[in-house]
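Starting from the structure of chain S, add chains G, Z, H, X and A where the hints point.
What follows is the residue order along each chain.
6 protein chains.
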Amino acid sequence: MNISTFIGCDNSYEESELTLFGIPFDGTTSFRPGTRFAMQAIRPDSYGLETYSPYLDRDLEDIAVHDSGDLDLPLGNTEKTMNEILLFTRGLVDDGKKFVMVGGEHLVSYPTIKAAFEKYPDLHVIHIDAHTDLREDYMGEKLSHASVIKRCHEFLGDGRIFQFGIRSGLKEEFEWAKDHTYMERFSIETLPEIVKKLENLPIYITIDLDVLDPGTFPGTGTPEPGGITYKELLAGLKVLDDLNHVVGADVVELSPPYDPTGASTAIACKTLRELLLIVGK
Amino acid sequence: MNISTFIGCDNSYEESELTLFGIPFDGTTSFRPGTRFAMQAIRPDSYGLETYSPYLDRDLEDIAVHDSGDLDLPLGNTEKTMNEILLFTRGLVDDGKKFVMVGGEHLVSYPTIKAAFEKYPDLHVIHIDAHTDLREDYMGEKLSHASVIKRCHEFLGDGRIFQFGIRSGLKEEFEWAKDHTYMERFSIETLPEIVKKLENLPIYITIDLDVLDPGTFPGTGTPEPGGITYKELLAGLKVLDDLNHVVGADVVELSPPYDPTGASTAIACKTLRELLLIVGK
Amino acid sequence: MNISTFIGCDNSYEESELTLFGIPFDGTTSFRPGTRFAMQAIRPDSYGLETYSPYLDRDLEDIAVHDSGDLDLPLGNTEKTMNEILLFTRGLVDDGKKFVMVGGEHLVSYPTIKAAFEKYPDLHVIHIDAHTDLREDYMGEKLSHASVIKRCHEFLGDGRIFQFGIRSGLKEEFEWAKDHTYMERFSIETLPEIVKKLENLPIYITIDLDVLDPGTFPGTGTPEPGGITYKELLAGLKVLDDLNHVVGADVVELSPPYDPTGASTAIACKTLRELLLIVGK
Amino acid sequence: MNISTFIGCDNSYEESELTLFGIPFDGTTSFRPGTRFAMQAIRPDSYGLETYSPYLDRDLEDIAVHDSGDLDLPLGNTEKTMNEILLFTRGLVDDGKKFVMVGGEHLVSYPTIKAAFEKYPDLHVIHIDAHTDLREDYMGEKLSHASVIKRCHEFLGDGRIFQFGIRSGLKEEFEWAKDHTYMERFSIETLPEIVKKLENLPIYITIDLDVLDPGTFPGTGTPEPGGITYKELLAGLKVLDDLNHVVGADVVELSPPYDPTGASTAIACKTLRELLLIVGK
Amino acid sequence: MNISTFIGCDNSYEESELTLFGIPFDGTTSFRPGTRFAMQAIRPDSYGLETYSPYLDRDLEDIAVHDSGDLDLPLGNTEKTMNEILLFTRGLVDDGKKFVMVGGEHLVSYPTIKAAFEKYPDLHVIHIDAHTDLREDYMGEKLSHASVIKRCHEFLGDGRIFQFGIRSGLKEEFEWAKDHTYMERFSIETLPEIVKKLENLPIYITIDLDVLDPGTFPGTGTPEPGGITYKELLAGLKVLDDLNHVVGADVVELSPPYDPTGASTAIACKTLRELLLIVGK
Amino acid sequence: MNISTFIGCDNSYEESELTLFGIPFDGTTSFRPGTRFAMQAIRPDSYGLETYSPYLDRDLEDIAVHDSGDLDLPLGNTEKTMNEILLFTRGLVDDGKKFVMVGGEHLVSYPTIKAAFEKYPDLHVIHIDAHTDLREDYMGEKLSHASVIKRCHEFLGDGRIFQFGIRSGLKEEFEWAKDHTYMERFSIETLPEIVKKLENLPIYITIDLDVLDPGTFPGTGTPEPGGITYKELLAGLKVLDDLNHVVGADVVELSPPYDPTGASTAIACKTLRELLLIVGK
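Protein chains in written order, with our numbering: chain S, 1 to 281; chain G, 1 to 281; chain Z, 1 to 281; chain H, 1 to 281; chain X, 1 to 281; chain A, 1 to 281.
Note that these hints are calculated values from the structure, not bench results.
A portion of the hints provided could be inaccurate.
[Unchecked claim] For lysine-lysine, the following DSS-like pairs were computed, each having C-alpha atoms within a straight-line distance of at most 25 Å:
id: 1; chain 1: X; residue 1: LYS80; chain 2: S; residue 2: LYS171
id: 2; chain 1: H; residue 1: LYS238; chain 2: Z; residue 2: LYS171
id: 3; chain 1: H; residue 1: LYS281; chain 2: Z; residue 2: LYS171
id: 4; chain 1: S; residue 1: LYS231; chain 2: G; residue 2: LYS238
id: 5; chain 1: G; residue 1: LYS196; chain 2: G; residue 2: LYS119
id: 6; chain 1: G; residue 1: LYS231; chain 2: G; residue 2: LYS197
id: 7; chain 1: Z; residue 1: LYS197; chain 2: Z; residue 2: LYS114
id: 8; chain 1: A; residue 1: LYS171; chain 2: Z; residue 2: LYS231
id: 9; chain 1: H; residue 1: LYS80; chain 2: X; residue 2: LYS80
id: 10; chain 1: G; residue 1: LYS231; chain 2: X; residue 2: LYS171
id: 11; chain 1: S; residue 1: LYS171; chain 2: S; residue 2: LYS196
id: 12; chain 1: Z; residue 1: LYS196; chain 2: Z; residue 2: LYS238
id: 13; chain 1: S; residue 1: LYS231; chain 2: X; residue 2: LYS80
id: 14; chain 1: S; residue 1: LYS142; chain 2: S; residue 2: LYS114
id: 15; chain 1: H; residue 1: LYS231; chain 2: Z; residue 2: LYS171
id: 16; chain 1: A; residue 1: LYS80; chain 2: A; residue 2: LYS178
id: 17; chain 1: H; residue 1: LYS178; chain 2: H; residue 2: LYS142
id: 18; chain 1: S; residue 1: LYS231; chain 2: G; residue 2: LYS281
Next comes chain S alone, as it looks inside the complex:
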């Protein structure tokens, strides 16, 4: 009788090609913590949704997804935590599963992208976010939410990272990006042409929900005004559905303590449903 999985994801690990899991970690969050509670809010609230998407005209009930719960992590030791995430995700990939991960803060994408890269050396990353996330370090710490894409670049290299919606960062981050990543500032309008180019490559999609305008999505640690609308993100998701080889994806930075109305959690749920349909097709 318990509600314990995301809606429509009550299949066993074995029978599922696609695994959903949460990482309740916000240990390097510098401003307002709380993303550790994301999955705890998303699971019960997902029952306010339907499993059927009129956008993609497909139903979650028609694919087999396993919700494997949340990783159990100590707080206060970032390096050890990153390692545990890497081991877990590597296990999934080795078992031939595709996966969708829900953060937590954005740093948790570092080990999951790494695990995908280990299997798919040709991995390309689509990064939708308000922030550049390209700092070399944050107050001396290299493992930081503000550095996650920089860390991924260290193994991915140039030409593999495609950034959309970016509207905040240090001046030097914007400068650095010119030579090393593809970056669209302020909006995600060029997503269709990039998706066209990448359509048959192995892809990892990482969506930091703070790409949305805080009016639409206040429930996040570092709200950055001037973002895209949810209709624009929905249109972007429909574009991403043209990709033929998505191997992993994530939705990060929902922070339920800053979502008193549940509207941001509803957005995370709906984005997750669409993403599961895209990755799991």
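Then chains G, Z, H, X and A, alone, in the frame of chain S:
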């Protein structure tokens, strides 16, 4: 000295052609209750508004509206409640009044539409909502917020229901609608052409405020991301002002417990002002 | 990896003598709804507790409890709902299980007490509450949170109900109680002497958490100032531990929407831990 | 059908000996405003109470009280506002009415006490509060919530003011009080002996709810930890019921924006019910 | 180590051409107070921003701004308060400083605009707001947030005030504006052409943040649905950057008590950063 | 004009014997983070207090305290953080200062107690808390809020730690305490006799505010029902004033995100004022 009516609605029943009333019922709400408190929030907050609408260039002070308060209803017995609403609304209609009702959950539109239909057998319904509301039943209950339009179809029949903004439902509801109602999905862009067709027919307008994007309007029980903006709804209201024979209308699903900032209540107030000006002209 | 049961209650049904379950029903709540969300808040927050009670010097890990989740109930049809609860609880009792139930509103104790009574015709009820709950009906409805103890009296009869902490009701309810129940007003000081008398009889304990002062426990639908402190309730629980034959118990009326700090949920969790230790010993 | 008066106070002005009214003014509040909303919260929430008090064993239905609503006041001009309150209250007193006023900030007691004093030159004031309220001025303003009792002393003189529960003020205020008022610090234990002395004199009772501990009553502008419990205040109210000539009373400083759970509003409601029963007997 | 200034504004008064200050006054607010807390929320939350603006491609670190804190004002005496603000601002202007002020309610712009006008008799005012603010008085008070632009017109005269985004007011205010100000209703689309005309004149910019839609910006006292988006305001700010002689500016009406998520405060911070870059260039 | 220090603590470092500082760290918090924001809430809200304490009959204005702000710390690297705190506190101690620290989570007391111990090898610690804090480690991490007193015991040794108010922990922690610390469970009644014994020894006082009942003090990460009242803590503080050689103290675990009413922050402010008066005398 008391604030006890909606702004500008302090006329007596006798001298008014238009009656406003509230139905504080949320008894079948499956997800998050609270719409019972809508009118209790709307009345005092309406004094943050002006009575003059620069959109319609008309003033509430220039028409006679009676705010007759809220129905006094027991909770826990849906059938009896529906009957009491029907009797009350039938009384208004029999007295020759037009009315605007404020919910409560959407199920309360069922008896008010029925009362209007009894007097105007040619009644057509304009239904603006995020959800199809076309389920045959919800967990075995036929009287449910998720079934309200289906229940109305039983007496209205095909070709009488015009749905706008719909973006959530079971696959079979969307299928059923193809044969029995007019449905515009995701937006309300075709409202002008439909209004043109219906302009001289007896019309009931039912607005479920969750048609709005939850970023704009979080204060509702079942937020469904990807909705229309308030500017779009305002434009729609201006279109509805072209109708010549609106006999009743309602605004439902404001849930003040999910409106910590009062912004959703402000939207309900403004929508109600415009609707009173439209129905009462 | 999922958190899905109350802390320390992850045993199977078969191996457990004691079953925990939730009833997410608040359908007759006349003032402020929300108790349907109680178990949804209690389960994850129980991990802020320890399984060891220094009050009883016993540990939840040392008894076998099964958390069977929440009943899946339609809203809007109270009679049918009461029946489903009765059937479920009767099933537990027939399987020889003791149980602890978590509401929901207080009306849900009616069918669970009835199920216990069917098996133990000599059942006595200890009722800790701010309200008399002895109305004949509420606005014509006999199945109401305000009438639950009156309904139980219909099958239990005189001399079986022991009320503590009562401080609100109609004058006639207080009058009626004089002849039909034992009632201590305002406090629970006489609990030890009553427990002494009842120690070997079959007992059902029903705790409406609004017996606590709203300063201590604001998270409930009908806060009634002037209640007991949590230290007093803890002392009362220690007294209840002297009972030798508790067959069922419940904790009702936590309403998470009115608990923005989580302090009331923490109280419900701790009360539930102690009650499980008492019933399960 | 409207809920527009405090529970049980729906008698006409003419037939009532006792008038209830609100003053939604918080214009000199230096820390956190919001007491202007007190009556707007109290009226609807009073329906969570019963009219019967088991403490006094009397029922509000048995006395005739008129709720005359809230004064309509401009904000930003304190002197003019004080004058309007004085005129209104003087009108009541001249009509031979007793009254209970609900603030607003404490400064509004100044004109209401003055109006009572004009009629009863022998007036004595019982002042229950966390704060001395004896400043000569606050940042140069003599009409301030922090000076209200000092202002009253100017016309009442020595030996007329009895202060209870005081636990915050400037050192010089505590010094000044030694010569001019009766002051019990930290608690209200000496209330019975003072009431005994004053029992046949004309009395005004002013209760600043921040006398309560903020744990019990957080919903106020200047929470001062270490206050009395609500059970202690209830006991105090029962003592005040021994007074034979209470001509006016007030309850001030409920601030609903700091009462997210409604527990403080419930306390204000219950205190008001008891006070109406005391003044109106 | 303290965070005490707005981000990047830690220069001394002497070395800065531009001064930032706050006015924590909401004394005439008729609906919901709280703007007094704006700067108290803005300063710490500004550290969630970067100092670099990718919109203007300039960095706050590259200009010298002094944050001189908040004025220390008594509450309850509006006239005296207005005078103190005038004296303070006149001091800045006399020292040759440009300034950006943060309210507080909109009335505080009256003395700051006056101080600017005294130095620049040819001053023109760009007023971005949801409300006309052109009332002659509010309940008899001439110094009111609803009258601030009317008061400014008294010394500025016709042809000097340019209003954008206006969507609420009395009918007579809209009528009056036709002859005395430039007013664009509902949007700010004509800003570029007006800025073109005014580009070399001395300009004061006053931004009432309630011009934004309450979905985007709920954290204000009088939310008025149907406003502009933050992207539109950002575009407007970029247009204002073409002005060559901005002598002062303000951002008013953020009310943190109505901003539980911090999203409105984030908007105020970002608007303030852009405005500092515009005025300080 | 800025409010930037705790009330009455605006003296320079050099002229002060006593230094106040904050540590905004909650990096190992396992349940609900947010204590990093404590000082950010305490400083402005301290202006709701007076500097004069009627309990100790002393005034903060009469002693010289320097508020040196908050440490600037990276998040995610606990070991480095502990080291930076140790270095900072050691600097204070070496300069001959006494200090009061405000957390942050309880782990931050580990380095501050260590710094005090380095100077005063005979240091004794008075520990007031709901939790034992005596775990060997938490999920493998030795630097954890749940282990802080255990870590201190490693250098302090047996007979130096005096624990009061403890009501939660593992069974083995309670067992371990029997041989290594003094522990009073559930209350702080034995504080006077212990203080008598310790009155001339060098003392560090660490107050975890969750020792208070969550009804009184909900604003903390791990609320543990059944705690002491604030009046009891105030009485305890008065007892602590008899100590003659307090060298350092702290107040930890206020979590403003769980304090929507500000009542918990008010308690932290008042406790801090009393503690400054005690340490600074």
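For each hint, the structure was consulted:
Among the hinted pairs, X:LYS80 with S:LYS171 is inconsistent with the structure: their alpha-carbon atoms are about 45 Å apart, more than 25 Å. Proximity of H:LYS238 to Z:LYS171 is assessed by CA-CA distance (about 18 Å); at most 25 Å being required, the pair is judged to hold. For the hint linking H:LYS281 to Z:LYS171, the alpha-carbon distance of about 18 Å falls within 25 Å, and the restraint holds. For the hint linking S:LYS231 to G:LYS238, the alpha-carbon distance of about 23 Å falls within 25 Å, and the restraint holds.
Note on G:LYS196 and G:LYS119: the hinted pairing holds, with a Cα-Cα distance of about 23 Å set against a maximum of 25 Å. A threshold of 25 Å between alpha carbons decides the hint, and for G:LYS231 with G:LYS197 the separation of about 24 Å falls inside it, so the pair holds. Restraint check: the Cα-Cα separation between Z:LYS197 and Z:LYS114 comes to about 22 Å, which is no more than 25 Å; the hinted pair holds. For the given pair, A:LYS171 sits about 21 Å from Z:LYS231 by alpha-carbon distance, which is consistent with the 25 Å threshold.
With a C-alpha separation of about 15 Å, the suggested pair H:LYS80 and X:LYS80 falls inside the 25 Å cut-off, and the hint holds. About 21 Å separates the Cα atoms of G:LYS231 and X:LYS171, which keeps this hinted pair within 25 Å; it holds. Distance check on the hinted pair: S:LYS171 and S:LYS196 sit about 30 Å apart at the alpha-carbon level, beyond 25 Å; violated. Note on Z:LYS196 and Z:LYS238: the hinted pairing holds, with a Cα-Cα distance of about 13 Å set against a maximum of 25 Å.
At most 25 Å may separate the alpha-carbon atoms for a hinted pair to count; S:LYS231 and X:LYS80 exceed this at roughly 50 Å. As the CA atoms of S:LYS142 and S:LYS114 are separated by approximately 16 Å, the hinted pair is consistent with the 25 Å bound. For the hint pairing H:LYS231 with Z:LYS171, the CA-to-CA distance comes to about 21 Å; that is within 25 Å, so the pair holds. For the hint pairing A:LYS80 with A:LYS178, the CA-to-CA distance comes to about 33 Å; that exceeds 25 Å, so the pair is violated.
Only pairs whose Cα atoms come within 25 Å are accepted, and H:LYS178 paired with H:LYS142 is accepted, the gap being roughly 21 Å. With a C-alpha separation of about 35 Å, the suggested pair S:LYS231 and G:LYS281 falls outside the 25 Å cut-off, and the hint is violated.
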